[in-house]
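Sequences listed follow chains S and R, in order.
The numbering of the first sequence is the numbering used here, which starts it at 1 and goes up by one.
The numbering of the second sequence is the numbering used here, which starts it at 346 and goes up by one.
These aren't lab readings, by the way, just hints derived from the structure by calculation.
Note that the structure is a prediction, hence the values are computed from the model and not measured.
Among the hints, a few may not be true.
[Claimed, not checked] Here are the computed distance ranges between Cβ atoms for each label pair:
id: 1; chain 1: S; residue 1: Q143; chain 2: R; residue 2: E765; range: 13 to 23 Å
id: 2; chain 1: R; residue 1: G754; chain 2: S; residue 2: M69; range: 30 to 40 Å
id: 3; chain 1: S; residue 1: S307; chain 2: R; residue 2: S583; range: 54 to 64 Å
id: 4; chain 1: R; residue 1: L443; chain 2: S; residue 2: L227; range: 55 to 65 Å
id: 5; chain 1: S; residue 1: A113; chain 2: R; residue 2: M365; range: 27 to 37 Å
id: 6; chain 1: S; residue 1: S307; chain 2: R; residue 2: R462; range: 26 to 36 Å
id: 7; chain 1: R; residue 1: A665; chain 2: S; residue 2: R332; range: 27 to 37 Å
Cβ atoms here follow ideal geometry from the backbone N, Cα and C, with glycine treated the same way.
Okay, here's what each chain looks like letter by letter:
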Amino acid sequence: MTSESIDIINAFALLTNFVILPALSYGSQLALGALAVTLVYSILRFSNFAQGDSMAFGTMLVILISGYMISRGWTITGVPTALLAIPMALIGMSIYLLTMDRLVYRHYRRIKAKQNIIGITASIGIMFVTGGIVRFVLGASAQRFGDGERFIFSVREFKAFTGLEQGIALKTSQFLTITIALLLVSFLFYFLQKTKTGKAMRAYSDNEELALLSGIDPDKVVQITWLLVALFTTIAGTLYGLDKGFAPQQYHLLLLPIFASVIVGGIGSPIGAIAGAFLVAFSEILLTYAYKKFLIYLLPLSMHPTSLVQLIGTEYKYAISFVILVIVLLIRPTGLFKGKVIVGE
Amino acid sequence: MNNLNTFWQANKAIACFTIMGLILLFVGLNQSWALVLGIINLSLISAIMALGVNIQWGYAGLFNVGIMGFAALGGVSVVLIAQQPVTEAIDAGGMKMLFALILGVATIAAGVLLNRRGVNKWLVSVIVVIGYLFTRYYFSEAADLIEKVDPAITGYLGGFGLPVAFSWVVGGLAAAGAAWWIGKITLGLRTDYLAIATLGISEIILYVIKNEDWFVRGLKNVYGLPRPVPYEVDMQKSEWLQNIVAWIHRSELQLLSQSDQIDKLGDYVRGASVVFVKLSYSGLILLILVAFILLSNLALNSPWGRKVRAIRDNEVAASAMGKNIKRQHLQIFVLGSAIVGVAGALLVTYDGIFIPTAYQPLRFTFLIWVMVILGGSGNNLGSVLGAFIIWFIWIQSGPMGLWVVEMLGNYIQEGNAPLEFIENRVHYLRLVFMGTILLLIMRFSPGGILPEKNKEL
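All chains, full assembly: derive it from the sequences and hints.
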């Protein structure tokens, strides 16, 4: 580190590379997962504890299919094969979720059970079944499945281009995550606001009885919901895996930040879920980032820090989403965007 | 026929327990008594945990997804109470650590108090952040000092060196404290929040235990915890055990020569000492379990129990009768968690070692859940029965799975790749199996094997 004066541009480049870009892509992945939880919550009226493991299941399908495609040579240079495998995996995921709904959840809708508590219990059962299948097929250890170009532009290219001391790299996975998340979210809002099926879903979510009276087919609404959940779950899982690698336990634990996002934003509100996801992602990365280098760029030599200047150890990143959750429950249980029901069933 | 049916219904509990006992007896005669006693002891400990969860779920419909964390708190308290203090470590960083912790508590207290006084929010946040930074500075320094003291053997502060039985009480209190805090925040809000918050707190408790080496040695585990019962080696030397063993096997021993007799007797005494130690544990755990069952059954049949059930069955009506639902739920949640904490402490006492990585959500949270729901939620005896059945299946399903794979292997030649693949991963199918059991009971027999008896009807 040769800089002796204050250097704002390099400090900003450093922050972009290690905080802003990772947080944007992690936030997008969380947002997609959180939207899947929100959809299940709004239509089926329970918190889906199987979300993390479902994401692992979808990613597992992608890994298997892309592995087969690579072995047959069905690849496009520069594009991760996993991306090409998503459509096939989506079909498998939809079948899996619809089967689970038919075998487990439908019964409780029919007998009009207390859907909230029964749904949680049943989804925990499904969580373990799904997690078991994933671990049986792929094992419990971590693996990487990304291929193709790793970077859109690398640190070296960026440095050569701008002449800055600190480089910014844009990983393919980050670029894909942010673009695909934007597309999917726009699609979801268009679908919910403009199409007839989307309107029927919103009506069903607002008032089940009234929606039934006006001739909306509940089974169809539920099926469409599971199809959307399959879409968001598979893509969220694949993007997370391309970015950080695939490990079943990691996916299982994603449940915490996802739930934190949903509750921070206001349970049942799609906009809230997205806002919550970015809030959680940015807090997680901002609080666990070591600011030593950043401060060295910004402070005069006499004030340079000797320690890492890290607020919280990386090992406690899951604790951050929990603390956010607790603070929201204490201060504003409805969440930022006035979620649905607060008290009671 | 009708008579037979009512007879079966009336004696279902007795019949189920008898069948379970016979199965265990069968395993004991065929395999070994030490194995059966191992299964029984772990079933009994699981039964205590299941009892705690049953109180929360069966009595009040409270959903605890963090059983693992409360059990781990019990385990930690065994280390903190029963281990001998490490004087060098305390000399090295004990005071500093104490100072850091006091600073941390003072920061939180100052934040809460100033906030209540209505001081400017930004000022309060600045004070809290500065307090946190100082706490963190002293804390990491103290932790480093402590962890440097002979890290291969100690590297932590040790415990208070008190009798291990105290730790069971402390374990219960620690779990109760955590439950009170969680309950205070989430009870009274939607039911999901409690479930999510318990899931979160249990993971965080585990992260703290695994990462803070100065506390309970983290991933380095704590070995050789003191026992409430005698050691096998001492038992082998005791004369009365030798006499009893000699008397039991007298006819067989008489046929042998002098030197063979001594060898054979030695073998038998070694086996007997293991069985004796396990039996003492069984007695101890059984005593605690029976005490808990008696107490909770008494409570359930008292006016308090009727109030609890009234709230569970119809919250609106109960609250119209002037019952404070949130307070009642908090009480039950704390009670149930305390029992789980005691069971967690007993488990670590029984194992004699504290291994943080042994705390898996499947083994603790989920298995206990299946026990409660299979046995019959709301029925204490049902939870005990569920604990025995599920633990037995759990223990035997591993070897059974391998056995099936081996049977298949007899028909396929050695080194078959798919077969080896299945052999390595077959234990993950236990998750699928247990999940399926849970879903099947929920669907087809929501009351469980021994459904709750409703006296009011």
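Numbered hints the structure breaks, given as an ascending list:
The structure conflicts with no hint, since it agrees with every one listed earlier.
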